[in-house]
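Participant: In case you want the letters, here they are:
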Amino acid sequence: MLNEEGLHARPSATLVKEASKFDSDFYIDMRGYRVNGKSILGVMTLAAEHGAEVELIVDGSDENEAMKTLVKLFESRFEMAQ
Amino acid sequence: MNRFVDLGENLLKGTPASPGVAVGEIRMFTHKDLEIPSGKIDRKDEEREIEKARQVLEHVDKQLSNLQNTQSDREIREILEAQIQIVRDPELFGQIEHLIREENRQAVFALYHAFNEYIQLLNQTGRDWIKDRIIDLQSLRDRMIYQIGDPETARRDFKGAVIFVDELSPSEMVEYSDSGISAVVMQHGGTTSHAVIIAQSLGIPCIIGTGWKRSKVESTRMAAVDGNTGEVILDPDQNILKIFNKRELDSEAIRQQAISISRKPNRTACGKEFTLRSNIEFIEELRNVTEYGAEGIGLLRTETLFLSHGYFDVDRHAEFYQKVLEESAPDPVTIRLLDIGGDKFPGSRVSEANPYLGWRGMRMLLDETDLFDKQVEAVIASAEIYPERVRILLPMVSDVSEIRTAKKRIRDMIRSRDGIQAESIGKLPVGVMVEVPSIALQAREAARYVDFMSIGSNDLTQYVMATDRGNERVSKLFRSSHPSVLKLIRMTAEAAEKEGIPLSVCGEMAGKPILASALLGMGIRELSMNTMSIPAVKKLICSLDLETMENLYRELIESEGLHQSEKIIRKWKERYLTDES
Numbered sequence: 366m367l368n369e370e371g372l373h374a375r376p377s378a379t380l381v382k383e384a385s386k387f388d389s390d391f392y393i394d395m396r397g398y399r400v401n402g403k404s405i406l407g408v409m410t411l412a413a414e415h416g417a418e419v420e421l422i423v424d425g426s427d428e429n430e431a432m433k434t435l436v437k438l439f440e441s442r443f444e445m446a447q
Numbered sequence: 023m024n025r026f027v028d029l030g031e032n033l034l035k036g037t038p039a040s041p042g043v044a045v046g047e048i049r050m051f052t053h054k055d056l057e058i059p060s061g062k063i064d065r066k067d068e069e070r071e072i073e074k075a076r077q078v079l080e081h082v083d084k085q086l087s088n089l090q091n092t093q094s095d096r097e098i099r100e101i102l103e104a105q106i107q108i109v110r111d112p113e114l115f116g117q118i119e120h121l122i123r124e125e126n127r128q129a130v131f132a133l134y135h136a137f138n139e140y141i142q143l144l145n146q147t148g149r150d151w152i153k154d155r156i157i158d159l160q161s162l163r164d165r166m167i168y169q170i171g172d173p174e175t176a177r178r179d180f181k182g183a184v185i186f187v188d189e190l191s192p193s194e195m196v197e198y199s200d201s202g203i204s205a206v207v208m209q210h211g212g213t214t215s216h217a218v219i220i221a222q223s224l225g226i227p228c229i230i231g232t233g234w235k236r237s238k239v240e241s242t243r244m245a246a247v248d249g250n251t252g253e254v255i256l257d258p259d260q261n262i263l264k265i266f267n268k269r270e271l272d273s274e275a276i277r278q279q280a281i282s283i284s285r286k287p288n289r290t291a292c293g294k295e296f297t298l299r300s301n302i303e304f305i306e307e308l309r310n311v312t313e314y315g316a317e318g319i320g321l322l323r324t325e326t327l328f329l330s331h332g333y334f335d336v337d338r339h340a341e342f343y344q345k346v347l348e349e350s351a352p353d354p355v356t357i358r359l360l361d362i363g364g365d366k367f368p369g370s371r372v373s374e375a376n377p378y379l380g381w382r383g384m385r386m387l388l389d390e391t392d393l394f395d396k397q398v399e400a401v402i403a404s405a406e407i408y409p410e411r412v413r414i415l416l417p418m419v420s421d422v423s424e425i426r427t428a429k430k431r432i433r434d435m436i437r438s439r440d441g442i443q444a445e446s447i448g449k450l451p452v453g454v455m456v457e458v459p460s461i462a463l464q465a466r467e468a469a470r471y472v473d474f475m476s477i478g479s480n481d482l483t484q485y486v487m488a489t490d491r492g493n494e495r496v497s498k499l500f501r502s503s504h505p506s507v508l509k510l511i512r513m514t515a516e517a518a519e520k521e522g523i524p525l526s527v528c529g530e531m532a533g534k535p536i537l538a539s540a541l542l543g544m545g546i547r548e549l550s551m552n553t554m555s556i557p558a559v560k561k562l563i564c565s566l567d568l569e570t571m572e573n574l575y576r577e578l579i580e581s582e583g584l585h586q587s588e589k590i591i592r593k594w595k596e597r598y599l600t601d602e603s
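Going line by line, the protein sequences match chains Z and H. If you want our numbering, it's the position in the first sequence, counting the first as 1, plus 365. If you want our numbering, it's the position in the second sequence, counting the first as 1, plus 22.
Derived from the structure by calculation, the hints contain no laboratory data. Here a beta-carbon is modelled for each residue, glycine too, at the ideal position from N, C-alpha and C. Hints are supplied without guarantee of correctness; some may be wrong.
[Unchecked claim] Going by beta-carbon spacing under 7 Å, a handful of chain H positions derived as facing chain Z:
id: 1; residue: Asp111
id: 2; residue: Leu114
id: 3; residue: Arg149
id: 4; residue: Gly332
id: 5; residue: Tyr333
Can you build the whole structure from these sequences, using the hints too?
Facilitator: Have a look at this one:
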């Protein structure tokens, strides 16, 4: 997690909104937990802080494009979309 | 005030939070005591219940999206976006479906419990920023439940309604206001909470801390609300309606009078000029700042913005400061650096036995230099756009060495900017908050290092009287009018005068007409207060001459203690504030 606030309500909303545009399934793994990356409530319960390591799992017909977009979103600290 | 005594259960009393008078139909929404049917359904009704849940979610989705489209405030749009995503959450819906299909529950039950599971999980994360989101989640949950049970509510046509709730989040206040409500009565809430500030800026009467019996309110149709006195009357009869109609007119007249007072020049009866500014914390307060004629912002609080994000976002702070500067042109804006304790630090596990005597304000900022630098950077960036209007205020200082260290760091940061800009903001004034007795006692020395001083009378009183005013057993000792507090203020005022720097008082005492006059009598010419207090303070000061105010100040400072000073204040109130209660 590069952005300082971690997966706060705002970045969670941005992430989920972007992820939902793809057909592929999207999961986030953190410390042995797995949540549906298209579920804002799931993402928020991770309470991932700055510096936390998360693993992104994308699976489906548009997985390559989805992964590219989502990684970019994490790298840009959730500022680019909207 | 006693005329409603015989109303019994029909009279509720709360704390006035936003002025104005209204009468309307009651709509009650409470997070607690919702009736959730726990009975099982027939297997054949599963699809119908699932469809019911789906429709409610879609309906609320549409309402929130429509509301979002009409909002211009970025913060509120983002909060609404998060709510929309919650309503669309596939896992939430999956859980609802599961409860209906596998446990044969009704849609209401499934919605309620699916939401609650997440509320519990989020609670366990223990993050500060999650608290407001939990209020939002509870209200989304209850909104859907009411909607299933009562299609009337579903239309959310609240025109003219008086809303009874536990507590509202800022985005809910905006939403209710959009649907035309006439007043809000809350069980909880604080007078300086964001939701209350929004009510004030939108002119919605609001009362907080009101206790009521659910069954009583439920069986009542109408309520009369007085946001000036904190009175709520259930089921008002013709007589009471007449009284409230008159109060409504009076309230409007008072508002008009306040506005006309605010247009008059700030001059005492003997012609001496003075300055009144606002203490603010939220963008929504700016509207009243202009309306009530404040000459800029004497205290811009930055803590809530910081805490609501859980980290320091330089761009957001700069954006906020600049918005405030833009709206309060051409007057100055004093930005106070973060006045928080280490316990509020995101992710921090600091726990102190005496937080008010601990690691907070400048003490914390001078250790956490990264945070200090970021905030100063946001202030400098704003000063570049609005030169000569920004002032920087150092909180919770107990020794001049803290001022010197902070000042040097600020100067170095300005110098490291590129030449032309550095020149234009080279004069960025730095001031110190006088709220610790040690600095008041060394005011002369402190004054040599700063460009201005500002007395925080609340903390000063707390430290001088060694009294936590939140503690009811001792709060009667918390009096800013106590001669010992006044003596420290006088020392500070004399030091400021000798060193030729401006001084203002920005605690609550500045917003109390009698005490404000005493401060004028002491020679102080600048006060900063909650915007809503400006008209009453200005009205009294304009009606008195300095000699009278000086007499008041002398009587108070020469009193032997609480008993006498309280008596003096009562006497002056009777003499000069007779037309107000």
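Participant: Determine for every hint whether it applies to the structure shown.
Facilitator: Checked hints:
Taking 7 Å as the C-beta contact cut-off toward chain Z, the hint placing H:Asp111 at the interface holds, the least distance being around 5 Å. Because the closest C-beta pair between H:Leu114 and chain Z is about 6 Å apart, less than 7 Å, the hint holds. Because the beta carbon of H:Arg149 sits about 5 Å from the nearest beta carbon in chain Z, less than 7 Å, this interface hint is met. Nearest Cβ of chain Z to the Cβ of H:Gly332: about 5 Å, under the 7 Å cut. The hint holds.
Interface hint at H:Tyr333: satisfied, since its Cβ lies 4 Å from the closest Cβ of chain Z, which is below the 7 Å cut-off.
When each numbered hint is compared with the structure, no violation occurs for any of them.
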